[in-house]
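Taken in order, these protein sequences are the chains called A and B. Under the UniProt record's numbering, residues 1 to 217 are what the first sequence spells out, in order. Under the UniProt record's numbering, residues 1 to 243 are what the second sequence spells out, in order.
Where hints are given, some of them may not hold.
Claimed, not checked - If you want a taste of the chain A side facing chain B, the calculated C-beta under 8 Å gives, among others:
#1 50
#2 52
#3 54
#4 70
#5 71
#6 72
#7 73
#8 75
#9 79
#10 84
#11 85
#12 99
#13 102
#14 143
Don't read these hints as lab results, they were simulated from the structure. Note that the structure is a prediction, hence the values are computed from the model and not measured. Using N, Cα and C, we set each Cβ at its ideal position, and we do this for glycine too.
Listed below, chain by chain, are the residues.
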Amino acid sequence: MKLIEVVNVSKSFKGIQIFNQANAVFEQGNIYGILGPNGSGKSVLFKLICGFIKPDQGDIIIHPSYRSRRADFPQNFGIIIDRPGYAAGLTGFENLKRWAEIRNQIKDEDIKRTMRVVGLDPDARQKMKSYSLGMKQKIAFAQAIMENQQVLILDEPFNAMDVDSVKVLRELLIKYKQEGRTIILTSHNEEDIELLCDQVYQIRSHKLVPVNTMAKV
Amino acid sequence: MTKTHYFYIGYGLLCLLGITSPLLNPWEGATTVWDRLYLKFYGVSPYGGFSLLSFLFYSIIYTGFLYQFQLFLTDYLSGRFYYTAIRYQSLARWFIHLGWQMSYKAACFLVVLATVTVLIGLALGDSPELTVSVLSNLTVIQLLIQFLLNGWLQLMNGLMIVFITAWVFKEPSYNLIAMGLLTIAALPVLNAGGWLPAGLNSTAYLSGQWEDLILITMKLVVYLLIQLVVIAVLFKRKNIAFY
Numbered sequence: 001m002k003l004i005e006v007v008n009v010s011k012s013f014k015g016i017q018i019f020n021q022a023n024a025v026f027e028q029g030n031i032y033g034i035l036g037p038n039g040s041g042k043s044v045l046f047k048l049i050c051g052f053i054k055p056d057q058g059d060i061i062i063h064p065s066y067r068s069r070r071a072d073f074p075q076n077f078g079i080i081i082d083r084p085g086y087a088a089g090l091t092g093f094e095n096l097k098r099w100a101e102i103r104n105q106i107k108d109e110d111i112k113r114t115m116r117v118v119g120l121d122p123d124a125r126q127k128m129k130s131y132s133l134g135m136k137q138k139i140a141f142a143q144a145i146m147e148n149q150q151v152l153i154l155d156e157p158f159n160a161m162d163v164d165s166v167k168v169l170r171e172l173l174i175k176y177k178q179e180g181r182t183i184i185l186t187s188h189n190e191e192d193i194e195l196l197c198d199q200v201y202q203i204r205s206h207k208l209v210p211v212n213t214m215a216k217v
Numbered sequence: 001m002t003k004t005h006y007f008y009i010g011y012g013l014l015c016l017l018g019i020t021s022p023l024l025n026p027w028e029g030a031t032t033v034w035d036r037l038y039l040k041f042y043g044v045s046p047y048g049g050f051s052l053l054s055f056l057f058y059s060i061i062y063t064g065f066l067y068q069f070q071l072f073l074t075d076y077l078s079g080r081f082y083y084t085a086i087r088y089q090s091l092a093r094w095f096i097h098l099g100w101q102m103s104y105k106a107a108c109f110l111v112v113l114a115t116v117t118v119l120i121g122l123a124l125g126d127s128p129e130l131t132v133s134v135l136s137n138l139t140v141i142q143l144l145i146q147f148l149l150n151g152w153l154q155l156m157n158g159l160m161i162v163f164i165t166a167w168v169f170k171e172p173s174y175n176l177i178a179m180g181l182l183t184i185a186a187l188p189v190l191n192a193g194g195w196l197p198a199g200l201n202s203t204a205y206l207s208g209q210w211e212d213l214i215l216i217t218m219k220l221v222v223y224l225l226i227q228l229v230v231i232a233v234l235f236k237r238k239n240i241a242f243y
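With these hints in hand, go ahead and build the complete structure from the sequences.
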């Protein structure tokens, strides 16, 4: 099933062309990698897919089962975009609880379980302002998955994480894929792309070019 | 202690200093706590003369409140926003939630400011009598409406301007310029007639006439509605990529 289609999308910022007639298709149940140098438009692509920005031309088509009427953004999407965002004066659990309260779909125990999965102690009283970058990244990862989101849009999900955590979370993403979830991620680590992705798109000449995973890396 | 904590401590001390200072708008005939509220938050208007100290205190109090919102917004929009907005699924729903939080904080801020002023007045020996003796035809009710209701509307106008500036320019530095312009726009020479939404909650605008008071309320409500329309248009355009 085609879950997300990028159709002839063009986008520029302040006269700088990011995408020009770019096309891509993301099917359900696969893991996709997006490659490209810094500033090539990986984050822009994710913001386009999530509805945070509109294409100048072309369309982003999201499968109807992930859209609801009068909504600006797709539903059931877990995202990491730009950088981990958090309230510095709250603990990791408190931050996650605030997000969870918006949709009110999960209980405290679900949040705690997710925190343990990503390698964080849910009962720690440490405020997020004193978290390491890797711990902040784990909170970002936790908020993207804690509500059982079926589509994960992850910009550099393993950034600053230790080797063991990366290994655990890679296995988690593979398990999610087997469950039928769809994952689109970027990574500067070629190993992540090689191990995880079924298909890779490279941003080249303002287009999304499908590349053979092994050939690319 | 973070920079934000130092800001709050410094801001709180400046508020207390202004409320207690005998140098800020001294008036021989002032006897009640309501006189103190009127005089300390006299601010600025084209009608009642100009006092630099009064203008500075007004600017510090109200621009300080907008500045803390700007600090919050800069941090919020650069990170948490995406994870929050996608859960609301709608910019309008997200904004209503944010607006509700901000309007609640603005109301609390004004209530605390008025309460602290009255309590300090009582502690310094001011009379609790329900009269404003420095302006004979002004009632306490009118003073409170100007301070709390028009004060809240004025703060909401400032908050919306900060929000719109952050949304459009996506750079925190533009908000400092916006707040500077708002402060300057409150000056009598620029706001003759009080047609700009700046400084209109100064008690200097009070004449004791209900019509004048209601006119200020109406101006602030109209500006607030215009700002909400601008925000709705910006949301429609959807170009969300911050900092």
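We went through each hint and held it up to the structure:
About 6 Å separates the beta-carbon of residue 50/A from the nearest beta-carbon of chain B, less than 8 Å, and the hint is met. Evaluation of the residue 52/A hint against chain B yields a held restraint, the C-beta minimum of about 4 Å falling below 8 Å. Because the smallest distance between the Cβ of residue 54/A and any Cβ of chain B comes to about 5 Å, under 8 Å, the interface hint for this residue holds. Among the interface hints, the one on residue 70/A holds; its C-beta lies about 7 Å from the nearest C-beta in chain B, closer than the 8 Å criterion.
Below 8 Å, beta-carbon pairs count as interface contacts, and residue 71/A has one with chain B at about 4 Å; its hint therefore holds. Hint status for residue 72/A: holds, given a least beta-carbon distance of 5 Å to chain B, under 8 Å. Restraint check, residue 73/A versus chain B: the minimum CB separation of about 5 Å is within 8 Å; hint holds. Interface restraint check for residue 75/A: the shortest CB-CB distance to chain B comes to about 6 Å, inside 8 Å, so the restraint holds.
With its C-beta approaching chain B no nearer than about 6 Å, residue 79/A sits inside the 8 Å limit, and its interface hint holds. A hinted interface residue such as residue 84/A counts as satisfied when its beta carbon comes closer than 8 Å to some beta carbon of chain B; here the least separation is about 7 Å, so the hint holds. Below 8 Å, beta-carbon pairs count as interface contacts, and residue 85/A has one with chain B at about 2 Å; its hint therefore holds. Satisfaction of the interface hint for residue 99/A is found here, the shortest Cβ-Cβ separation to chain B being roughly 6 Å, below the 8 Å cut-off.
With a least beta-carbon distance of about 4 Å to chain B, the hint placing residue 102/A at the interface is held under the 8 Å criterion. Here the hint on residue 143/A is kept, as its CB sits about 5 Å from the closest CB of chain B, short of 8 Å.
Checked against the numbered hints listed earlier, the structure breaks none of them; every hint is satisfied.
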